[in-house]
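Modelling step: build the complete structure from the supplied sequences, incorporating the hints.
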Amino acid sequence: MSVYETLNALGISLPPPGPAAGAYTPVVRVGDLVFVSGHIAKRDGKPWVGQLGSQVKTEEGKEAARRVAIDLMGALHAAIGDLNRIKRILKIMVLVNSAPSFTEQHVVANGASELLNKVFGANGGHARSAFGVAQIPFGSCVEIELIAEVAS
Amino acid sequence: MSVYETLNALGISLPPPGPAAGAYTPVVRVGDLVFVSGHIAKRDGKPWVGQLGSQVKTEEGKEAARRVAIDLMGALHAAIGDLNRIKRILKIMVLVNSAPSFTEQHVVANGASELLNKVFGANGGHARSAFGVAQIPFGSCVEIELIAEVAS
Amino acid sequence: MSVYETLNALGISLPPPGPAAGAYTPVVRVGDLVFVSGHIAKRDGKPWVGQLGSQVKTEEGKEAARRVAIDLMGALHAAIGDLNRIKRILKIMVLVNSAPSFTEQHVVANGASELLNKVFGANGGHARSAFGVAQIPFGSCVEIELIAEVAS
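Protein chains in written order, with our numbering: chain A, 1 to 152; chain L, 1001 to 1152; chain P, 2001 to 2152.
It is worth saying that the hints were derived from the structure and are not from the lab.
Heads up, a few of these hints could be off.
Far from chain A, by Cβ distances over 12 Å, these chain P residues were calculated [as the list claims (entries may be wrong)]: (1) Gly2011; (2) Pro2016; (3) Arg2066.
Listed next, with one range per pair, are the computed distances between beta-carbon atoms [what the hints assert, rightly or not]: (4) L:Ala1122 x A:Asp44: 29 to 37 Å; (5) A:Ala9 x L:Arg1043: 54 to 62 Å; (6) L:Lys1057 x A:Asn8: 44 to 52 Å; (7) A:Lys87 x L:Ser1002: 33 to 41 Å; (8) P:Glu2059 x A:Asn8: 50 to 58 Å; (9) P:Asp2082 x L:Lys1118: 40 to 48 Å; (10) P:Thr2058 x A:Ala78: 44 to 52 Å.
Which stretches of chain L does chain P cover? Using the computed rule of at least three CB atoms under 8 Å from a CB of chain P, they are [stated by the list, open to error]: (11) 1015-1024; (12) 1035-1041; (13) 1126-1140.
Ideal Cβ placement from N, Cα and C applies to all residues, glycine included.
The structure is reproduced here in structure tokens:
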């Protein structure tokens, strides 16, 4: 199955990439590596605001991370034209807007990791760091950046 | 225009790199990639202390990020000898020492991004993650690390 | 001296890698680069819980970072089979679970950096970012991710 057939089967349609929230580039490629900028969680097109451990529950944060993964794939699709050219998702960094007592960043991050594994199969297995941050631009609950390998 | 002519036109002189604040190496190269360690914001040669959202205003934080970008270029110049050999600024990670309510990390980060865009032109367009951290070494308000591509 | 002789001389035996704490892959290789996922500090096989600046002292945090470096080497050994094939430790990112007033993340991070320098000699010199985060999965006091270059 192609990546797009899998996305279809999951009922996921990739959004067009939104504008960068600053003076940076959403996706940068060097050789076979692609760096995707940190994307914040959105809901109804607006920042999904809140902190895990207070306003946002773990399961909601996990869903937020899943939606960020969809936006990351949308950005990758727009930049490289064909997601089937992804040879490997190499690494994601998952930032969780965390109240001092919240320690389930790894559960939140699984929302993104599980989807990447499903969509890319064996090529989706990625290294990961997940941790709690003090804040995220626009007060969003989750931010994720990604590095991938693309076929030349 | 060479990178140095642009820096001159902007009135920027690159500082010699300071000593590493620990048992690490400021700049490490592998093939065409260069990893520049996290550099903290300084003012008058000392850590620029404070937290965004309490003691440090957004515009001050943006200026702090701009100065870190200058130090990063100073470190790159010292390590590779000629900034014109930079083929691309690939990615920066901008850490903003943030009070719980501060959500303008992307504005602060623009202080570095806008300068890199000016100095390196089309080669300066970089991926980026910016987020709020609980603290930074020496209490500095901003820390930035950088990855670049260098001509072999 | 081989890496393993050095480890022996230091009285360090590498642990087998533990299970991933989520839907990610502990070590991912692309070409000559190896990405090692964020590993949390453990003590007696359990998360080494606590925050620097409140329950955990700087020297304890430094020891925690040293132990994470041992686990990272254990993960690398399991993934690539022979640590002597490491050409260079390129970069580590050291996350320190920090109370608002704690500003010695660089001292904590030295626990990992100094050990990597000892074990890998000239190949151990690495770029680094160290900063304070709001929380870490399972409440651990330190988390570290690593990127290395491996001989092909």
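Going down the list of hints, with the structure as the test:
no. : hint                              : in the structure
1   : Gly2011                           : holds (29 Å)
2   : Pro2016                           : holds (18 Å)
3   : Arg2066                           : holds (19 Å)
4   : L:Ala1122 x A:Asp44: 29 to 37 Å   : holds (35 Å)
5   : A:Ala9 x L:Arg1043: 54 to 62 Å    : holds (55 Å)
6   : L:Lys1057 x A:Asn8: 44 to 52 Å    : holds (48 Å)
7   : A:Lys87 x L:Ser1002: 33 to 41 Å   : holds (36 Å)
8   : P:Glu2059 x A:Asn8: 50 to 58 Å    : holds (55 Å)
9   : P:Asp2082 x L:Lys1118: 40 to 48 Å : holds (46 Å)
10  : P:Thr2058 x A:Ala78: 44 to 52 Å   : holds (46 Å)
11  : 1015-1024                         : holds (count 4)
12  : 1035-1041                         : holds (count 4)
13  : 1126-1140                         : holds (count 7)
When held up to the earlier numbered hints, the structure conflicts with none and fits them all.
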